[in-house]
Structures are given as C-alpha cells and as structure tokens.
Amino acid sequence: MDGLQQFFDAYQTTIGFIGLNAMLALSVWLTLYTGQLTLGNAAFAGIAAYGSALLTMKAGYPFPLALACGALLAAAVSLPLGATVFRLRGVYLAIATLAFGEVVRVAILAIPITGRGQGLVGIPPKTELWHIFASLLVIAYVCARLRISTVGRAWAAIREDELAAASQGIPVRRYKLAAFVLGALIAGWAGGLGAHFDFAIQPDEFGFARAVQILVFAVVGGIPNVFGPILGALLFTALPAVLQPLQEYRDIFQGVILVLVIVYLPRGLATLLELRRTARLRTVGAEDVA
Amino acid sequence: MLLETSGLTKRFGGVVAVNAIDLAIAEGQVFGLIGPNGAGKTTLINLISGHLRADGGAIRFADADVTRLRPDQLARRGIARTFQSIRLFKGLTVLENVLVGRYVRSRSDALASLVPFRDAARPERERARLLLERVGLGKRAGAFAGELAYGDQRRLEIARALAAEPRLLILDEPAAGMNPTESAALREMLRELAAEGITIVLIEHDVRLVMGACERVAVLNFGRKIAEGPPAEIQADPAVREAYLGVADDA
Amino acid sequence: GGTATTSASGSPNATSTAAKPDVKVGVVISLTGVGNVYGPTQKNGVELAAQRINDAGGVSGAKLVLVIDDDQSTTDGGVTAFRKQTSQDRVVAILGPTLSNTAVAAHPVAQSAQTPVIAISNTGDGIVGKCDWGTCDYIFRASLGESTAIPQTVSIAKSKLNVKSVVLMYAQDDKFSSDGFAIFKKNLTSSGITIKKEIAFSKTDVDLSGPVTAALAESPDAIVDSSLAGPAIQVLKEVNKRKPGMLVIGGNGFNTPAIIASAGAAAEGAVSGAAWYLGNPDPVNKDFVTAYKAKYNADPDQFAAQAYSAVYILLDALKRTPTVTSVLHDKLRDQIELTTGVKTPLGEFSFNASHDVTQKVYVVQIKNGQFTLIN
Amino acid sequence: MADQIYNAVFIGSIYALFALGFTLVFSVLDILNLAHPALFTLGAFTALFAMQQGVPAALAVLVAFVVCGAAGVILDRVAFAPLRRRNAPPLSAMISSIGVSLILIRLIQLQYGPDLQAYPAGALPAAVFSVGGLELDTLRTVIIGLAIGLMLALTYLVRSTRLGRELRALAENPRAARLLGIDVDRAIAATFFLSAGLGGIAGALYGFATNSPFSQMGQSFELKAFSVMIVGGMGSIPGAVLGAYLLSFGEIASLTFLPSELRDAFAFGLLFVVLLVRPRGILGQRDVDRV
Amino acid sequence: MPEPALDVRDLVVRYGAIEAVHGISFDVQAGEVVALIGANGAGKTSTLAALSGLVRPARGTVRLLGRDLAGAPAHAIVRAGLVQVPEGREILARMSVHENLLLSGATDATAMYERFPILAERRALPAGNLSGGEQQLLAIARALLAKPRVLLLDEPSLGLAPKMVASVFEVLAELKRSGTTMLLVEQNALRALRLADRGYVLELGRIGLTGTGAALLQDAGVARAYLGA
Ligand SMILES: Nc1ncnc2c1ncn2[C@@H]1O[C@H](COP(=O)(O)OP(=O)(O)OP(=O)(O)O)[C@@H](O)[C@H]1O
Ligand SMILES: Nc1ncnc2c1ncn2[C@@H]1O[C@H](COP(=O)(O)OP(=O)(O)OP(=O)(O)O)[C@@H](O)[C@H]1O
Ligand SMILES: [Mg+2]
Ligand SMILES: [Mg+2]
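Protein chains in written order, with the working numbering: chain A, 1 to 290; chain B, 1 to 251; chain C, 1 to 375; chain D, 1 to 291; chain E, 1 to 229.
Some hints here could point you the wrong way.
As the list claims (entries may be wrong) - Computed cross-link-like contacts, DSSO-like style, restricted to lysine-lysine with a CA-CA straight-line distance of at most 30 Å:
1) E:Lys163 x B:Lys225
2) A:Lys126 x C:Lys130
3) A:Lys58 x C:Lys24
4) A:Lys58 x C:Lys130
5) C:Lys295 x A:Lys58
In short, the hints are calculated from the structure, not lab data.
Given the structure is predicted, the values throughout are model-derived calculations rather than measurements.
Let the hints inform the model, and build the full structure from the sequences given.
This is how it looks when you write it as structure tokens:
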C-alpha cells in the first residue's frame, strides 16, 4: 500500500498528463472523425491556458470560473476561425490551422502581460487529479454517445464524401464547424486544467510540436471510436517514463514503436480487436481520416 | 408545376455547358433527359440540386424560388438525387448509408443520445431495412458500401435517395452498368415510385428504359434543348436521331 | 521506476562507507530534447565530482549516491522528476534542472517538499530571491546570473574597449536570449552607451545575414548579441565577412568552445562575461580540468564546471549538517545558506542573502582561438 | 540594399532546395514527409563525416546526395511501403515519418552528440570577392548557382522526361498508372531517392554556409517549408521555388520596413491570408471535384 | 489445337473473407474475341482485376502465350502483353491527350491519331475535358499503344450515348478484323455476343454457360437473364 502511494506521488504528474493529453486527443478526434485534419488545438489549449491562468493570478477569479472562461474564450476564437478556414480541405486546412497556431504563439510573445518569451510563472496549482479524470470521463462519454447519434452519423458521412453528405440534407459547414468548436472547447478546458497543474506555462508548449504530438495520440490510438485517442495518449505519455532506463536509446525505441503501430495497425490501436473489419475497410479504400 | 427552370445557364470557361434551358415538370411525372455525351445533362441537374451555381436564369421548386439554395437546403425541401459517378459513403455499411439518407426525415437525437442505454435510432433502422429489401439489397445490409459490385452500388444510391422520402427524385444514369434484364427491373421500380406520387427526373442512355418509363422526354445537345415531347414523338424526331440515337439504331 | 542510479563507486577498499547509509543527491538535467546540448556535460561534471568525493572518503564516511533523472527539456518532465525524487527517492537535495523554464515549474515541488535545490545552469531572473511563484527559501543558485555578469561586461566594454554606440540583437522567442536582452538594454542605457537599433530575430531563423546586414548599416562601435551559441556563430561569421574587426559582445551563450570551433577566425575578438573559463590558472580549476580530461578525454565546459562545483558546495554544507544520514532538510538548508568561500573551479564561492551566486565574473575575449581574461 | 538582395537570394535558394524534395514526395504520393528535416540533417552530417575522412567538399556533397537518396529509399520501404500496401490514409504515413525522424535524429546524435559541430578547418572555400562594390563570398555564390541548377534540372525532369510523366500519372491516379504498365514501385523509389537526395544536398550546403551543423538543424525548416509550398502552390515544383524566394525576400523586406519583432507574425499572417484568398497557392492547380 | 493466347485455370479471387470468383477456367485463342457476360456482382471486374495483377489471385494460373503470370506485378503483366481498358476508363484528367497516349511507353502516337482522328484534334487538351465517348476512345487507343497480345475490355460502352456505343463497337469490330485478340466484358450483352466468337456466362463467381456467340444469343435462359427479352 505504501509502495503504491509512493508510486502515485512520484508519477502523479505523468498520470495527470495522461488525462490532460487524452482530453486533447479527444478534442482533435472530433474533427478527425469528421474527416478534417486540423492542427489548431494546441493553440486553443494555449489560449485557454493563458486566459484562465491570468484570470486566477491577476483577476482573482475562482478556479472553476476561470477554467470555464478560458475554455469559452478558446471556443469563441475557434468560431470565426472555423467559419473562414473550413473553406479549405485536407493539408490546406491543416496548414491554415497550423499557421493560426503560429500566429497565436507569436502574439503571446508580443503581449507583455503573458510574460512574453519568459513565460507565465506562479500559476496557483489548483488542479487535482480527480478534476482531470472526472473531466475526461464526461468528455469521453459525450463523444462516445454523440458518435452513435444522428450527429455522429452526419460527421461520418461528411468524412466519407462531403458532397454526397450535402445531398442528403446535411449542412456540411455547420457540422464541421460544430466539431471544430466543440474540439476547441475541450482543448481549452484541458489547457486551463494543465496550466493550473504545474505552476508555469510558456508559448513553446503550445506550438507546432505540441500540435503534432496531439495528432499522434489520436491517430496512433485510432479514430474509429473514442477509446483510440485515450489509448494513444496513455501509451505515448507513459512511454517516455517507462523507457527512461534506455537512456539515449529511448527516442529510437519510441520511434520504432510509433512506426510499428502505424504500419501494423494503420487505423490505430483501437482497431486491435477488429482486425477483420479494418481489413475490409482497407480493401474498399474507405477514408478513415483526412 | 413542381419544378420549373427558366433561362438556366452555366458556363465553364468558354464552354456554355447549359444554355438558356426552360423546363417545366409536373408533379408525379417521370421526366426523361437525354442527349449525347457532354450535352450538359449532368450539369443541368447539378444546377437543380444546388451543386453548381447558375450563371443565369432561375429555378423554382414547389412554388418557391430556389435558385441560390445549397444542396442541403434543397434536400430538406424534398429534392434527392443519385450521382453519375457513384458517390456512396464507402466506409459506412449499406444500412448506415440509408440511415444517413434519412437525415432530413429524422429528428436530431444529439441530446437524447446522451441518456445512457438508449437506442434512439431503432425505428429508423427498421425503415432502412425495408427500403433495402425493396431494392434487393436486404441481405447486404452489413456490408460496406464500397464492397458492393458496381450495379449494386447504383441500387444503394437509389435506396439512399429514397430514404429521404423526396418529392423530386433525380437519377443520373441509374442503369449504367446494368444489363437489359436488370434495367427492366429498374423500370418496374420507377413505375411503382411514380405511382406513389414521386416526381422523377431520369437521365439515361438506355433508350429502352427512357422510352418505357417516361411520360415526357427532353433532349439536350451542346447545352441547348433541341426537342421535348412524349417518347414516341422524340424517337421519331429526325434531329434527335441525327444527334443522339444514330441513324441505324437498334438498341 | 526508471532511474539511472549512478553510484559513482569509489575505490573498492574505501571500507568506512559500508557502515553508514548512503547520502542520496538528486540531479535533474536535460539529457534529451533541446536542452540536451547542456545536460550531458552537466552529467559528466556531477559524476566526476561524486567519484572524487567518494574516493576521498565520501560525506563524513557515508557514500554519496547520485540519482540522475532526465527531464527531457520539458516542464512536465522536470516536475515529474522532482516529484519522484522528493517522494520516492527521498533525496537530501536536488541539483538542477538544466533549463530555466523547467526550473520555475519544478522548483515549487521541492519547495513544498522542503527539499533544498541548487540550480546549476539557470541564468535568468526570478530563479532565486524573489520568485514569481511564491516563497522560495529552499532554492539556491550556483550559476552566475546574467544580471550579475552582464553589468561587468558592459562596464569593461565602456571603459576598456571604448564602446559608445551599439546595435542590440536577440532571439525574441527564446527565454535565455530575451532575458539577456532586457539586462543588456538596462545596463547599456544606464552606462550611457547609445543603442542605435534593436533587432529581434527568431530562434528558428535559418540565416542571420539579413539581420546582421541591417545591424551593420547603423555603423555602431560594437554589436551586442544576446543569443545562444548557434545564432552567435552565424552573427560572428557574417560580421567578420562584412566588417572584419568589428567588436561583437555577447552573453553567456558565447561561452562555449563550439563558438571557436565553428566560427574559427571570425570568433576572434568576441567579448563576453562568464562564470568560468577554461584557461583559468587557479589551481582548483587546473586540477578539475586535468581530472575531467583524464576521465572524459575532452575539455570541460562551463556547464560541467558549474555542475561539478555545485556538488562540492553541497558537500561543504552536508559536512556541516549534524546528522547526515537522516537529514532534516531545514538544517541542511540553513547550512547551505551559510556557504562562504568554498574553493571551486569557479573561484571562491559564497551565497548572498538572496541565495544567489557571489563569485568573480570573468570578462573574457577570444584571442588566438583561446578565451583570455581581460578584466 | 544590394547586399540584402544577395542575402535574400541565398536564403531563398536554401529554402527552395529544401522545399523541392518535400514537394516532390507530396505531389506524387500525397505524403507530408516529416522525416525530410532529418534527412536534411543527415546530409549535413554525411558531408561532415566524408570530409573528416579527407574527401573534398565538392565530392562530399555528392556523397551526401547518394547516401541520403539511399536513406530515402529505405525510409520508403520501411515506413511508407507497408502503409501503401494497406491502403492507409496519407495521414498515417505522416505519423510514420515522425517515428522515423525521431530515430534518425537520435542516431545522428549518438554519433556526433547534440552540440554544434564544425567542418574541418580550411576544407571550405573562404574567399570573398567583390563585384561592383558588393562583397560576395565564394561559398554562398557557388551554393546559389548549384541550387538554381538543381531546380532547373528537376523541373526539366518532371516536365519533360518519361520518368516525370510516370510520376505525374502516379500522382493523379495510381490505379491507372499500374494498368498502363508503369512500374509503380520503381517510380516511387525514384521519387524518394530524388527527394531525399535533394534534401541531403540542401543539408550539406546549408551546413557549409553556417559551418555549425547540429542534430536539430532541419527542424527550423519545417514550418518554413510549409509556407513555401502553400504560397507557391501545393505540389507544384516551380511553385515551391517561387514560394521560397517570395518568403526569403518577404523576410528581408519586413526586416527593413517593419519592427523586427513583428516579422514572424507578419510571415504567418500572410500565409494565413494567402490560404484564404487563394488556397491553391500562386501556381497550384485546382483540385478537381466534379460531381 | 494451338496453345491459347490466354489460358485461365481455376482462378479464385478473394477480398478478405469474401470469395468473389470461385475457381473459374476459360481461354481465349489467338485472334479470337471472347465475351464475358453476367449480372451485377457476378465477378467480371474481379476476374479482370486478377488477370491484370490489380488484385492478387488467391489461387489459379493465368497463362499468356504459355507464360504463367499469376501473381506477377501489374506492370510486368502489361509489358508481357496483357493490357486492360478498365471499367470507368481511368484516364488521367489533368494530363493532355497526347501525354495520356505516351504513358503506355510508346514514343509515337501517329498510328492512333490516324485511326481516331478526333483524338488528333484534341491532342493538346487535358483529357478531363473530353466527352465521355471521347474518353473511352482515348482509353482504347492508349491500351492499343501498349502493343497488347490480348486486350481486356471492361464495359467499354458504359455511360455512352447510343450513337457513341455504336461507334465504339465499330472500333471493336475493326480491331477484330485486324486480328486483335480480345476478352470483352459487357452489359450490352446483345452487341457483345454479336461481336464475339465465343462467350462465357458468369453467375455468382462461377461459369454457368459457354458457347459460340450465336448459340448463346439463341439460348432462352440467356435471353431472359441478360437480354431483357
Ligand atoms: N466542372 C467542370 N469544369 C469544366 N468543364 C465542365 C465541368 N463540368 C462539366 N464540364 C463540361 O461541360 C459539358 C457538359 O458536361 P456534362 O457532364 O453535363 O455532360 P452530360 O450530358 O452529363 O454527358 P454524359 O452523358 O457523358 O454524362 C462538357 O463539355 C464537360 O466537359
Ligand atoms: N474491394 C472489394 N471488397 C470486397 N468485396 C468486393 C470488392 N470488390 C468487389 N467485391 C465483391 O465481389 C463480387 C464481384 O464484384 P465485381 O465488381 O467483380 O462484379 P461485376 O461482375 O464486375 O459487377 P458489375 O457488373 O456490377 O460491374 C461482388 O459481390 C462484390 O460485392
Ligand atoms: Mg452526365
Ligand atoms: Mg464490373
């Protein structure tokens, strides 16, 4: 029991980050499930992280209110952004959202109240593990149920063929936008929790590398259902800690694992239990993600 | 008239693909649209279904101007269509394809679905199965759409369009890839649908199907309407024989 | 758990160590990620120190054991490592982490666990003394801050090198660089040197010929470049090509042999302020350099020297703490606070009232491919 | 002013060389190969290794081309070919390339460490000459010439040769390409060889120019390469070249006319606007989505 | 009896667990035109895809002039002389007509321009701008340039207007006169059987009926199932 407690204390950050990353992975899952590759969720997390941290630090907001405000701020930014960028598709969309992310990063660097290049330090550590995992549970449940509702079916149809989906009466833009804004809201919530989890944030944490990392969680985990992104976040957050004894060979193993999973389970870890179905989807050349 | 177009025009660069087309299609009619390859048939229905924006002219559907509406808005008003180059949701099952087709008829259950253990879609699935039986795909409900043979994919497209219970059904070469026996079965189905009161616009190169199923036929050539009338009249029209049927037709 | 517990085992016949329980010292450094340019030599430095201490009889007879964890150059990694070392390994003190960003996130963990920390490579403001994140009375710093080094550099530039006007360059998206920029700016202004232009670039810029050309167009007496070594090399080379002999003044980022190796002749004449330099003839330093070379077959750098020194500074305090084995952290803290005049490769070392470094600042200039003292 | 233009041409040439290889793979296979920066780095270090063995600089560039080209082919076999066989979406390939990139960079670090390295003293031309009052150095001028030559050669190859035609066919419709008797595997191998080889040359040349190759040097190019490709037109080779020079001239110009802190915000803002106004880029082809 | 130009034995095609073609055998003699007819989903396209190496046959042999090609890569099969005009034409829409023609490896397309003058007129246009019938002609011309020993055609009249259907069949008849060996898959069974020397009827992945084109046209079952009589 004591050993467990010790383990828990020691790895409490890692455990927390698994939950935070799982939320971020789910946030990008929403758009991926719709067939849209967006890379803006790191920036949304950043906006909310800075927003909520400034509210608790400088304006003395209570923690839950600050979190909500941060997430809403991210969602509010995502709405006009989505309305403009969803004219684009595929890589173009990905790069447009990426460019937006860079603009956010550079903007944070230019605004004095954010601490600019030095980052924001001294955020009150209000986030507890149960906050993170309760949030994850709620978010995962909502995503899972949405997936099998009319909304989820419409998203899947858009992924398979936007034009045909529109012909079935689905307002494609609105649905894509909804997925995007919901994703931003989730990413924002996770960003706010993350900012209050470890005292300090800095612009680089929300840049390109982070955006790609979130994408890796979701894709390696698998898009077909909501367990995929959670699994992916679990694996790739825990892996660095697990592989610590390998020292300088750790990156190599991590790379090898990444390639192996993608090559042998191209639709993600979550498809491990449905290899037959995956093989059939493969032969028909179905879209799975953008 | 359920559907009316007046002076409908669409240009691609220098090509006038659809040139000042006037059509009037009455409720319950089966209306044929024929013409050589590249005559502008598909372009015309793309305009009607909102997939293309007209450069000129107007479209009226059910007594309302719908010229500038988007495909999804038109679908909600009761226009359903199939595609010449099949556009199914390949990675969804046959049943799911039909369920998506029911989108405009089903209420959003996004909130209801949050209630645990509730299966909001069950009645919808029953309807979808019936529809699949009707087009002869009852046994393939669980297959992915992309796994179907070409002709079966066409049937599924029709089932998906019907799922929306449309007032106007537009079919773009539904019999392509079907042999004469299969297209005869399709003809029967079109007659049944017409009897149920659905208005149908049919584009086909299968002359036997067009002549057998349609009450009225329009002929396009180079974007212009060169003839319109009952099938027998059209078949006898020398301009049509010259442009479309070929002089020694025997199909 | 995955930790590299390096027991820098001393000579096998150091019998006295067997009796007493080990003294565990935590080290959190960046062995992977962007900070891995510094972490490996820091590791060398602490391991060399631990080995020599154990060879010499350990901490009053107890063996000194290092618990080294990689923070992957990330704040998360740093916090995780600090949590682990304070709660699981129960170390007596922690050295690190490598990067300042990581430090401001990880130090609070040690503070709340009341475990003393000696920062060994953080040069920015707000690391010790008045910390943005709250009380930090368990945090010390053994690495010379830029706010101490730069004023000296600026005053030498003015008095000895006769600099009246400069162009100030920095990487705006780099914490080290923008910290240095702010300090340079303040000191240049207060000592009456004209800043003709400020030029911000980005750490991801692939070529700095543009910014340098723009800087030279102002014809300053010197170019001040607050950046890490990579950009600094490009700046030096561009300057040398376009205006040989132009004085370039830098911060701590200049203080690495890589500058001389990569920039070659273009590095000649560059001036910077440092906590340590290789050629320092002080005997403690010469001893360190020789031992380092013997063990690793390479010259040490400033990071190795500071890491090495920190272990000895800690040792000094540990020896003065009554019960070493079951260390009461606050006692150790009090003893670290009392550190004065410890002989290290950095020179005589003390902590001031705000837990920061008190040591000599070496303003050096590159001459004939060597760092040479000019103050 | 003249020397700033010279700077812009130089940076643009390096951007273009980097982006060309990136674009080539994208246009043929729809893959964003995120291991390209690692191959670029490999080029710089291959040249370093060769020169440490006494190979002259010019030859070392050739060695970098061949070694990186071969590495590119292996990369394809290991990380992409199995995905192709499984008909996986291009996104999977992108993720797979991230894995390869991690491995490759770590391998380079195991050999050379993470620090800045330097090429052997005296191995690179250091001469400076002046043309009309403009100080030009030999190395950069040679690099510019070489880069432009390579761009022209690649453009010719893709526009006018059989291989180029095959690559374009493959890009448009792999199934049709196979039915036409095109050896798809060979064409893809050629694509990767060229792409990675060009990346390797770019890395070696950039390494020479800065004389401080290090294991993360390719990373800075990643975002720039995206901008270059988007602005010029995704998958268009002349577009990539145009985009590269536009970016480099834009960067230099904004240095002169804008507060330097705003330069990056300007660059990415511009990219964003281009995407919204003309998403297919200046020379990009419109995607055909006929109903 | 001379060796057949194309000899297929016991061919099985599987998609994962689904078997689409269950061990069929047939042959095409040199200079002969053989029609393959069957309902939707009978396995015609699957058979041709296996012959061309687009899917790997699960079992069976495919001999072209005595050489076994089963399992060979697609490009090797084309080079050996088994060339397909695929279902849906698969032309390269962005490349010009001329470039499309040269893709089969030929350096000179003059012969095809003479045979199909309309293509000569359109040679510089992007192939995507051609009308459906023109695209079909382009696909046939492109295949002919690959010097086929045996030409496989998958529904060449699909989606064509009656007049175009007639002209495509004229081209096929002319090819037949010039001695081209062909395996023709068609839904337009009437025309196909009239043109063909022999025919096979494929039913649910098995060969049900076989005979000369004329004999099959007389068969009551065929008439009912495929001619819509
Ligand atoms: N998106 C487009 N861009 C450019 N030209 C187009 C486009 N769509 C159609 N066209 C051109 O418009 C004309 C009409 O094409 P359309 O597809 O409507 O013909 P169609 O009558 O349906 O022929 P088919 O019977 O072969 O299907 C053709 O010349 C075609 O090339
Ligand atoms: N990629 C695939 N995955 C799974 N099943 C497939 C796939 N392609 C075809 N099939 C199945 O194989 C069978 C034969 O299909 P095929 O396309 O060969 O038929 P066909 O005779 O060409 O039909 P059509 O006349 O409609 O073109 C069908 O049952 C079809 O569902
Ligand atoms: Mg059409
Ligand atoms: Mg078929």
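Verification of the hints:
Only pairs whose Cα atoms come within 30 Å are accepted, and Lys163 (chain E) paired with Lys225 (chain B) is accepted, the gap being roughly 18 Å. Restraint check for Lys126 (chain A) and Lys130 (chain C): the C-alpha separation of about 22 Å stays at or below 30 Å, so the hint holds. Proposed proximity of Lys58 (chain A) and Lys24 (chain C) is contradicted: the alpha carbons are some 39 Å apart, above 30 Å. Between the alpha carbons of Lys58 (chain A) and Lys130 (chain C) the distance comes to roughly 18 Å, so the proposed pair stays at or under 30 Å and holds.
Proximity of Lys295 (chain C) to Lys58 (chain A) is assessed by CA-CA distance (about 51 Å); at most 30 Å being required, the pair is judged violated.
Violation of the numbered hints given earlier is confined to hints 3, 5; the remaining hints are satisfied by the structure.
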